[in-house]
Amino acid sequence: MHVTLKLFATLQDYLPPEARKTNALALELDAGTTVQQVIERFGLPQKLCHLVLIDGAFIPPALRATRPLQTGETLAIWPPIAGG
Amino acid sequence: MAWTRKILRVDLSSGACKSEPLNMEWAQQYLGQRGLATKYFISEVDPKVDPLSAANKLIMTTGPLTGTPASTGGRYSVVTKGALTGAIACSNSGGYFGAELKFAGWDMIIFEGKSAKPVYLAIENDKAELKDAAHLWGKTVWQTEEIIKKSHQDPQTRVCSIGRAGENGVMYACIVNDLHRAAGRSGVGTVMGSKNLKAVAVRGTQGVSILKDAKAFMSAATAAKKVLADNAVTGQGLPTYGTQVLMNVINEMGALPTRNHRDSQFEDARKISAEAMVEKRPSDGKSHLVTNNACFGCTIACGRISRIDETHFSVVNKPEYWGASGGLEYEAAWALGAANGVGDLEALQYANLICNEDGFDPISFGATVGAAMELYEMGILTEKQIGMAAPFGSAKALCELAQMTARGEGFGKELGLGSARLCEKYGKPELSMGVKKQEFPAYDSRGIQGMGLAYATSNRGACHLRGYTVASEVLGIPVKTDPLVTEGKADLVKAFQDATAVFDSAGVCVFTTFAWTLADLQPQLDAACEGDWTMEKLAVVGERIWNMERQFNNAAGFTAKDDDLPPRLKTEPVKTGPAKGLVSGIDKMLPEYYQARGWDANGVPGKETLKRLGL
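Chain order of the listed sequences is A and B. Quick note on the working numbering: the first sequence kicks off at 1 and runs consecutively. Quick note on the working numbering: the second sequence kicks off at 1 and runs consecutively.
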């Protein structure tokens, strides 16, 4: 299935250099791949995976291990950040 | 010291400057800065006063922690009746001016009357005098600061001033200090300009002393700094990426108001984001961002210092803008960018520099440009009227309109009215995206429901800094709530508003609240300030300040009808993203909020509420 992974702020360092220009990387994943499996595949430190969104909707930490990604979805992850 | 116990009262009509003792009974009830100055203001000024008349007053005020070693303890505020809104205004600024005012020995300056000619106030510790400012009138903020520092022969002099926008009556003019920090919203600079007051220059060498318990204070301040340093947001996120890191977050959530709130996602959001600011440019191989920056005493250092691309059309023949300077911060980048569909980072920085240089609020300016661009695309405003083609997305129009507004030229004069008056003038008042004539900041209240209620009920008009529920609804601070629902938002907004009123009255930055709660601030206040400052007392102080401000607005003529959002946000559903199909639930949340506040159905505080709060 096709999924887009977006990593922002300091997490963009975990993307291939070319993908950093857009903060986005197209992935081809097996059906049933969970959010947590993507996090682990890219070696993202757990404590830096603070804000996790799928198509803009918040995914609580407790659901990351069980939430399977669906084809066409966008998984976006930020470290702890704020603004205003 | 926590409070210097001295007020400087400046009668601009007569030129008299005199010292008064601070009302310490009020200090115990309203703490300082926002709360205490507002108490003074409403006690002395008729709520019905014309904001631009001599009868309006303007107060520059510090908090008890301003100038102390408390982290971020450099804040000052300007309290007046806002030119833009006609409501109570309190605009807060960082930099170094506030601490210097405290070092000179003053808790606040109350300006009253109107000078017959341009003047500036010069303060050196106990000495204060009004000086002729004829040579400064017509100068920018940056020129004014440079001229004053040279003439005083003291580079340590701190200056706040208005630029040409404040002189020309731009309704959202700022008071800028330290070149790019500003008391930015509601037109406090417009009020200052109406009084022919160009600047305040202050030099203080008395430091801080007489804290209630200095040893306990240093211990509490050190512990609180460790909380900031250890927190991932205030210790790493904000200093590294600044507020601009929100651009992609809010866009992904479908809550980034775009093209005057027609859309809620901006296709070029990434191009104007924090991530873009650190990329190397093709033109010169340098990144837009130069470094981060801290205000007085701040251990977060969220500020951005950037260098514009010298080859960009906006500055290619203007080397005076090529140096490193303040910006972009998130709210300005949104208002100048997404709000009018401009995805050119360098153009946004140029417009931002003009706002800093001549002292006008980039949020209100950018949002007003967005409204004008919509009127242009509807055919209501023409190319001839504006002086150029001004469709959504035109970076060229944005840059030229910023210059015209700063100088009070052509259509810039109309943009200086703000979106509410502009849209009213052209028969489309519903296209002004704001509350109480003040433009929204960078969060669509259809996608972040709590912010709609925070905007509608903000005492100074639409504002994110009176109750920043984004912290909870988006960032999970202190707890994560669902941004798409209205349930629970009345209590959430009230809690944020009351707590923020305390932070705004203490002399510290509201950004500490990404890591601190009142429990981190309370030991610092209790050790610094005379009296017994418990958590319970602070909670009451915050609620008391909010209700006091509300009473002023009600007496000024505002009613429940003014606690509302533009029809677009209540009738036009979000088109894309996770909030697709939603409109604002303000009509459901508002009665719940009034009930939570102890107000009647008309938004008037009840007798029991007032009695409980000692109002």
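Source of the hints: derived by calculation from the structure; they are not laboratory data. Honestly, I wouldn't trust all of these hints.
Mimicking DSS-like on lysine-lysine, the simulated pairs with C-alpha atoms at most 25 Å apart in a straight line are [stated by the list, open to error]: (1) B/Lys127 with B/Lys117; (2) A/Lys47 with B/Lys226; (3) B/Lys286 with A/Lys21.
So the derived list for chain A, only partly shown, Cβ under 7 Å to chain B, looks like this [claimed, not checked]: (4) Phe8; (5) Ala9; (6) Ala19; (7) Asn23; (8) Ala26; (9) Leu27; (10) Leu53; (11) Gly56; (12) Ala57; (13) Pro61; (14) Gly72; (15) Pro80.
Positions of the beta carbon are idealized from the N, C-alpha and C atoms, including for glycine.
Out of the numbered hints, which ones does the structure contradict? Hint check: 6, 8, 9, 13 and 14 fail, others pass.
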